[in-house]
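Chains A and B supply the protein sequences, listed in that same order. With the first letter of the first sequence counted as 1, position 137 gets the number 137 in this note's numbering; the numbers rise by one all the way through. With the first letter of the second sequence counted as 1, position 331 gets the number 331 in this note's numbering; the numbers rise by one all the way through.
Hints listed in this document are in silico derivations from the structure and should not be mistaken for laboratory results. Values in this document were obtained by computation on a predicted structure and should not be read as measured data. One should not assume that every hint holds.
To be verified - List of simulated lysine-lysine pairs, DSSO-like, C-alpha gap at most 30 Å: (1) B/K123 / A/K171; (2) B/K320 / B/K197; (3) B/K79 / A/K216; (4) A/K171 / B/K96; (5) A/K214 / B/K52; (6) B/K123 / B/K239; (7) B/K96 / A/K216; (8) B/K96 / A/K13; (9) B/K52 / A/K171; (10) B/K123 / B/K254; (11) B/K96 / A/K248; (12) B/K96 / A/K214; (13) B/K239 / B/K96; (14) B/K332 / B/K265; (15) B/K197 / B/K268; (16) B/K52 / B/K239; (17) A/K13 / B/K197; (18) A/K214 / B/K62; (19) A/K278 / A/K260; (20) B/K96 / B/K268; (21) A/K200 / A/K292; (22) B/K197 / B/K96; (23) A/K216 / B/K197; (24) B/K79 / A/K13; (25) B/K239 / A/K171; (26) A/K146 / A/K278; (27) B/K320 / B/K254; (28) A/K115 / A/K62; (29) A/K292 / A/K146; (30) A/K248 / B/K268; (31) B/K338 / B/K320; (32) B/K52 / A/K216; (33) B/K197 / A/K248.
As a plain string of letters, each chain reads:
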Amino acid sequence: MNTLRIAIIGCGKIADQHIAAIRRISNCEVVAACDREELMARQLAERFNIVSVFSDAQQMLKAAFPDVVHITTPPQGHFLLAKQCLEAGSHVYLEKPFTVTAAEAEELIALAEYKNLKITAGHNYQFAPEMVQMRRLVADGFLGGKPLHVESYWAYDLGDTSYVGPLLGSKTHWVRQLPGQLYHNLISHGIARLAEFLDKEISNITVLSHQSQKLKSLGGQEVQDELRVLIRDQSGTTAFFCFSTQIKPALNFFRICGAKNSIAVDFTGGDLICCDSKSYKSYLTYFIPPLKNARQHFWNGLSNIFNFLRGRLHQDFGMKELIERFYQSIRDKSAPPISYREIILTAKIMDEIFKQVYPPGAASPESSPFLKNEIRADHIGKERAIVLRQNA
Amino acid sequence: MNTSYTVTPDESILVTGSNGFIGARVVETLLEYGFFNLRCFVRPSSRLENLKIILARHPGSKSVEVISGDLLSRENCRKAAQGISIAIHLAAGFDKSFAGAFMNSALATRNLIEAFLELGQPKRFVNVSSFAVYSNLKMERGALLDENSPLEDAPQERYDAYGFGKLKQEELVREYGQKRGLPYVIVRPGAVFGPGKADLSGRVGINTFGFFIHLGGSNELPLTYVDNCAEAIVLAALKPGVDGEIFNVVDDEKMTSREFLSACKSAKNFFSISVPFPLAYLGCQLWETYSRRSQGQLPPVFNRRRASAEWKGNHYSNEKLRTRLGWKPKVKMADAMKRFLSQSE
Numbered sequence: 001m002n003t004l005r006i007a008i009i010g011c012g013k014i015a016d017q018h019i020a021a022i023r024r025i026s027n028c029e030v031v032a033a034c035d036r037e038e039l040m041a042r043q044l045a046e047r048f049n050i051v052s053v054f055s056d057a058q059q060m061l062k063a064a065f066p067d068v069v070h071i072t073t074p075p076q077g078h079f080l081l082a083k084q085c086l087e088a089g090s091h092v093y094l095e096k097p098f099t100v101t102a103a104e105a106e107e108l109i110a111l112a113e114y115k116n117l118k119i120t121a122g123h124n125y126q127f128a129p130e131m132v133q134m135r136r137l138v139a140d141g142f143l144g145g146k147p148l149h150v151e152s153y154w155a156y157d158l159g160d161t162s163y164v165g166p167l168l169g170s171k172t173h174w175v176r177q178l179p180g181q182l183y184h185n186l187i188s189h190g191i192a193r194l195a196e197f198l199d200k201e202i203s204n205i206t207v208l209s210h211q212s213q214k215l216k217s218l219g220g221q222e223v224q225d226e227l228r229v230l231i232r233d234q235s236g237t238t239a240f241f242c243f244s245t246q247i248k249p250a251l252n253f254f255r256i257c258g259a260k261n262s263i264a265v266d267f268t269g270g271d272l273i274c275c276d277s278k279s280y281k282s283y284l285t286y287f288i289p290p291l292k293n294a295r296q297h298f299w300n301g302l303s304n305i306f307n308f309l310r311g312r313l314h315q316d317f318g319m320k321e322l323i324e325r326f327y328q329s330i331r332d333k334s335a336p337p338i339s340y341r342e343i344i345l346t347a348k349i350m351d352e353i354f355k356q357v358y359p360p361g362a363a364s365p366e367s368s369p370f371l372k373n374e375i376r377a378d379h380i381g382k383e384r385a386i387v388l389r390q391n392a
Numbered sequence: 001m002n003t004s005y006t007v008t009p010d011e012s013i014l015v016t017g018s019n020g021f022i023g024a025r026v027v028e029t030l031l032e033y034g035f036f037n038l039r040c041f042v043r044p045s046s047r048l049e050n051l052k053i054i055l056a057r058h059p060g061s062k063s064v065e066v067i068s069g070d071l072l073s074r075e076n077c078r079k080a081a082q083g084i085s086i087a088i089h090l091a092a093g094f095d096k097s098f099a100g101a102f103m104n105s106a107l108a109t110r111n112l113i114e115a116f117l118e119l120g121q122p123k124r125f126v127n128v129s130s131f132a133v134y135s136n137l138k139m140e141r142g143a144l145l146d147e148n149s150p151l152e153d154a155p156q157e158r159y160d161a162y163g164f165g166k167l168k169q170e171e172l173v174r175e176y177g178q179k180r181g182l183p184y185v186i187v188r189p190g191a192v193f194g195p196g197k198a199d200l201s202g203r204v205g206i207n208t209f210g211f212f213i214h215l216g217g218s219n220e221l222p223l224t225y226v227d228n229c230a231e232a233i234v235l236a237a238l239k240p241g242v243d244g245e246i247f248n249v250v251d252d253e254k255m256t257s258r259e260f261l262s263a264c265k266s267a268k269n270f271f272s273i274s275v276p277f278p279l280a281y282l283g284c285q286l287w288e289t290y291s292r293r294s295q296g297q298l299p300p301v302f303n304r305r306r307a308s309a310e311w312k313g314n315h316y317s318n319e320k321l322r323t324r325l326g327w328k329p330k331v332k333m334a335d336a337m338k339r340f341l342s343q344s345e
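Please model the complete structure; the sequences and the hints are all you need to start from.
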């Protein structure tokens with residue numbers, strides 16, 4: 001098997017995680033580090049023994065000719081850099097958020113398909129062990145058909161101000177320049193979980209958003225950090241998304257509900273619970289289901305201990321798994337690990353959320369080309385109108 | 001006013017990180033020395049809680065200019081360095097990632113130096129570094145650690161992003177000194193303590209597992225009280241004839257880790273257990289081995305290099321600081337401890 005030549009563009013904090021994950025994968029080698037700020041590329045290369053350092057992406061593509069390029073720059077650079085890489089014949093792993101807008105995501109994917117290359121989004125939490133197990137159960141028909149409802153909770157702790165401090169302090173910080181500001185850089189993992197199980201045609205998206213007192217006290221200005229979203233697709237599957245900087249304990253949770261059974265995934269504790277719909281007579285309904293759940297928690301805990309002892313419980317398990325599957329799809333020319341439909345739908349949902357949270361000028365939500373079949377008379381439609389008026 | 005300083009009071013002095021624990025005291029020391037033409041550079045998110053108190057105490061501080069910005073922005077650095085004769089660079093990021101630490105330390109310093117050389121009237125660039133740059137891995141226990149001691153050559157193995165950032169920052173400063181003639185001085189404070197910083201130095205022990213583990217045993221601590229440290233930094237900026245020199249900053253009177261912990265516990269009772277160095281070293285070695293074998297499942301936060309640097313124990317000297325800069329600690333250790341412990345009461 002040929003060794004894949006890997007390059008990385010953007011040598012900031014997340015680049016370390018990529019390289020640490022890549023080093024645990026066989027038959028690949030990081031051959032080039034590239035950053036507009038050459039000193040950044042040098043420090044990464046020095047720490048990870050990378051032979052070539054560049055400050056210009058085009059030069060790197062010509063000189064190193066990588067098979068795969070990981071782009072880990074701020075999202076504003078994703079589109080142009082990915083385009084350059086695809087045009088140079090390299091497969092692309094783009095960190096989240098995939099692009100700034102859904103239109104850019106569609107264009108990149110179209111280009112990748114035209115060039116017969118692969119591209120993927122850094123939605124690595126989709127490949128955490130619990131998510132892999134959940135997907136297996138869904139594929140085996142545990143839900144009893146198509147999902148009826150999905151929920152995704154995603155939390156970010158403001159306690160560590162090393163991230164929010166600089167961005168709150170400067171309006172020119174790259175996060176503040178994104179259409180969705182703080183949300184734009186943080187929610188795509190949580191939205192991608194929903195997009196996987198929704199139709200590509202979305203009929204309703206209702207957004208509630210505000211700024212927490214905590215962020216206000218840190219000088220957040222117009223940055224919002226508490227987000228709730230209700231979604232319904234054309235086939236009637238509904239979804240709920242919650243992003244919070246305040247809820248404690250910090251929630252990182254996913255639930256998928258079917259007509260027969262449901263599955264709950266707690267990422268914080270590496271815990272998956274199968275919730276069956278079996279009914280019990282009389283008071284047994286208070287005794288048996290909690291004990292069954294307790295048994296599942298117990299075995300999940302034991303399994304985590306076992307995996308830890310075997311050295312298989314890396315905190316970046318999902319990233320290594322996603323990268324490995326992506327490389328494998330390149331080698332055997334199979335479908336990439338994250339479907340293009342899911343990547344585009346994630347981007348479209350995010351576009352719509354940001355449009356409602358931070359309305360561009362006087363643009364009305366009705367003008368959104370994404371909402372194909374908005375039912376304004378129903379409860380969700382009314383709620384949305386109210387929210388929009390409040391935002392205005 | 002001593003007339004043999006590198007600058008006169010008419011010339012401008014820039015202090016980055018001037019709202020920080022040490023930075024605010026540096027500003028106060030400069031004011032006490034009669035330098036009022038100061039430019040204090042702070043983060044945009046800074047609430048100026050330390051600096052406001054200092055400036056309020058000194059009526060002559062009305063000419064002090066406070067500007068906010070990000071040293072990663074070259075434009076902000078240009079504003080900071082315009083017309084400056086001395087730059088005292090204290091700003092430091094405490095990012096846990098290596099890339100973040102590098103950005104906040106090395107890149108920010110590069111931007112500032114270039115702006116200083118271009119737009120300032122460079123007479124002295126004081127780079128405030130840290131003892132974290134030293135490695136005593138190959139030194140005997142209790143050996144003298146001074147300005148000539150070896151520097152850490154594997155900060156990644158030590159898993160010390162802060163130390164890595166400081167090492168790279170020093171490398172840059174020296175490079176600009178050699179290639180562009182930057183008149184620099186590097187100051188490496190030991191364990192700085194005082195009111196405003198309640199945490200115990202990592203050299204005493206760690207509070208990671210819900211209780212305090214005392215690992216410093218009877219090691220001598222490289223303590224320096226914040227006011228004494230600030231004065232050393234100011235002298236490094238003002239004294240002529242020390243370009244290119246490095247100064248360690250530790251106070252005269254020594255305290256052991258055990259004495260320091262005991263004093264802290266007398267002011268604020270908390271539970272601690274003591275682990276002797278050989279046992280701590282062995283634990284760190286096991287952790288490091290497991291980390292390597294598991295390909296980083298547990299990051300190597302405890303490792304032999306860190307164990308040596310923090311808990312092996314050395315002796316320290318301020319001989320160079322005294323002889324070359326004429327520094328002597330203005331706050332005695334007994335007073336310093338009293339002031340430090342008063343914040344716990």
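Which hints, by number, does the structure contradict? Going through the list in order, the structure violates hints 1, 10, 13, 18, 21 and 25 and respects the others.
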